[in-house]
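Colleague: Spelled out from the first residue to the last, the chains are:
There are 2 protein chains.
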Amino acid sequence: MSRFEVDYIVTVAKNQSAETLAAEICLEQTVEIPEDCIPSHVREKGLPGKIERIAKEETSDNRYLITISYLSGIADSSVSQFLNTLFGNISLKNNIRINGIRLGNEFSSLFPGPLYGVSGIRQALNVYDRPLVCTALKPAGLSSSELAAMAYAFAKGGADIIKDDHGISNQRYSRFDERIVRVQNAVREANAKYGTSTIYAPMVNDEPSVMLKQLDLCARNGIKGVLAAPSLIGYGAFAEIRRNHEFILIAHPALAGTFFYSPEHGATPAFFLGTLFRLLGADISIFPNSGGRFLFSPSDCDSLCDSLRNPLNALKAAFPAPAGGMRISNIPEMYDRYGKDTVFIIGGNLLQISSDLSESAGMFLSAVSAVSGKSETA
Amino acid sequence: MSRFEVDYIVTVAKNQSAETLAAEICLEQTVEIPEDCIPSHVREKGLPGKIERIAKEETSDNRYLITISYLSGIADSSVSQFLNTLFGNISLKNNIRINGIRLGNEFSSLFPGPLYGVSGIRQALNVYDRPLVCTALKPAGLSSSELAAMAYAFAKGGADIIKDDHGISNQRYSRFDERIVRVQNAVREANAKYGTSTIYAPMVNDEPSVMLKQLDLCARNGIKGVLAAPSLIGYGAFAEIRRNHEFILIAHPALAGTFFYSPEHGATPAFFLGTLFRLLGADISIFPNSGGRFLFSPSDCDSLCDSLRNPLNALKAAFPAPAGGMRISNIPEMYDRYGKDTVFIIGGNLLQISSDLSESAGMFLSAVSAVSGKSETA
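For the record, the sequence lines run as chains A and B. Note that the numbering used here gives residue 207 to position 207 of the first sequence, counting from 1, and the numbers run on in steps of one. Note that the numbering used here gives residue 85 to position 85 of the second sequence, counting from 1, and the numbers run on in steps of one.
Don't take each hint at face value.
[Stated by the list, open to error] Partial chain B-side listing against chain A, Cβ under 8 Å, derived:
hint	residue
1	S91
2	N170
3	P208
[Unchecked claim] Quick list of the computed label-pair ranges, beta carbon to beta carbon:
hint	chain 1	residue 1	chain 2	residue 2	range
4	B	G104	A	G195	47 to 57 Å
5	A	A370	B	E58	26 to 36 Å
6	A	E52	B	G325	49 to 59 Å
7	A	S354	B	N62	39 to 49 Å
8	A	S299	B	S17	25 to 35 Å
9	A	E359	B	N310	51 to 61 Å
10	A	S40	B	G325	16 to 26 Å
11	B	S17	A	G195	31 to 41 Å
12	A	I51	B	K213	35 to 45 Å
13	A	I54	B	G325	23 to 33 Å
14	B	D61	A	P311	47 to 57 Å
15	A	R327	B	G104	35 to 45 Å
16	B	P311	A	D302	45 to 55 Å
Read the hints as simulated data drawn from the structure, not as lab findings. For each residue, glycine too, the CB sits at the ideal point set by N, CA and C.
Just chain A, with the same shape it has in the complex (with noise of 0.2 Å):
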């Protein structure tokens, strides 16, 4: 009967022992019964939750790391029963922020990772000594033939990734089946005149019948890659666009952060973009750099990639992609803070930099070969 660990970090107020609050989260969220109600063979079965460590923050008077153990099979069943284990009912507490897990591989067909990751990306791209370089088609409310065009430029400038938007989806100015045909259409053209590898990876952000119906023409019209927020269609429906379709995977953190506001409650980043996130198969996972119009620190975004490209269990490694606010005059700083293995996405300041936006993502691609020491592959 094998378990998982959840670490926990927890916040306790003065009348509040760290054991106590650890106990009550193993009852919480397991069999969500008082202790003396619980059936015997439904404990000895594992049932509860299981303190595994407490260990008091050393520079911290009232912080501690907690790791609880779960049985396995109360939460592999589905993405959302997982998460319903980690965190369902407290997330209605207080002061609990998750830390980080570590899954045996009876977790290996729940989460099978990134299908691509860092280096079936690169393979598909043929680009390998460089950060990619990632712009989007914005903003909402243009036409598919205003979108598809730009596009086109971006393309033929070099970028390696088109995304939609993330708040461009399937609106009445720019319905999503007829746009992905045009964008499409105009990156295969590109590609074609330029000798580009453009991928064009639209936003899908619809309920799961029509998504799916979406993806099905996506795969149709050979688009190679899509771009979706967990948090805003499910994490399972996520989780299932890995299992059941074969295109790089991007994910967004739309509407995710709540669990980020508090550092006392909801998850640290590093684990939920990152850990969560790859598992659920994100090839390539956006966050807000630190410094731009978002609140991450810089050891936020630090662990963030550790967590997207350090070894976890046999998973393949996933790109961080800081985004928000970016420019391309930071581009040697965002080198130096994130290496290689990183997906550089600049949107607006492209729009800002030249009317010709070939020209932007031309000079995108430059700056971004340049910090590499490499000329360009284009």
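Given the coordinates of chain A, assemble chain B onto it according to the supplied hints.
Modeller: Just chain B, lined up with the frame of chain A:
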């Protein structure tokens, strides 16, 4: 070109104005590019969010209620795109809390609301004059036949609704397909024998493609209700249960808690578990009762009840279901607080008060009938 309005409570920092923050939200949630890059025809279409009102909270130095309107067409293509527009990227920012929305009729097909609502459920149960009595099958780890025996006893005792514990879904010790048939048979048998009208609502918590099969199986077995957590299975997946099936739909708040941790960021319980879940189609919305194991205040709970019951476009009223550590002994106080149109859920306490669960359920029903000034309907 119709628009809808969102009210956010924002808490501004010393060096920040409410106007600047509101203007940032307007761009971040729509076009997501710098002001100077917005094409004029996109601006003319009304794509950028628009500040409608800014009002300082009287009791606070730095808190404002801001109202922003968005073009309905940017948000009404799917539930997940709606949430993306309300809070996708700004979830990753700070000090922004959704307080409410006003939608026009253009959202009526996206959000049909409860299929049954208070009136429809009362009709299905033939119970008009008291709160509804709901019990839970638990703990996780029991076999399907043990859970079926428990359900039989609860039905015999006169419970109106028997739900799976939200942590019981499709585990190896009680597979969904096996459990729901056994439990439903047990409830059907008890109903036939004791003249009760008990409804069983299993927890659905699987990946979208699996869940679809489970829902079909439920329908084929005459199951009338289901329990699901929108934040676990996905908000769109939950909405599709409402749109494509005919179950009494019970919403569980699991994993939603990070929205409520801070009074400064996320969403009010009244908006999220009230308005939003009702829009998605919840007939009953479970929430953590104040004074229990969780953290909602009495006024949080009151506002939540209002948002479920008060007029909202043409939507049916939904039942609030306060839960979490409720006991038979506090039914009078619960009745005073929540009134008649409420679902009372008692789980663990029923296991504590008698080893004969039909007796426990009977005591629960009697206590509810007594405070309502009515004799038992069963």
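Colleague: Which earlier hints turn out false for this structure, listed by number in ascending order?
Modeller: Per hint list: 5, 6, 11 violated.
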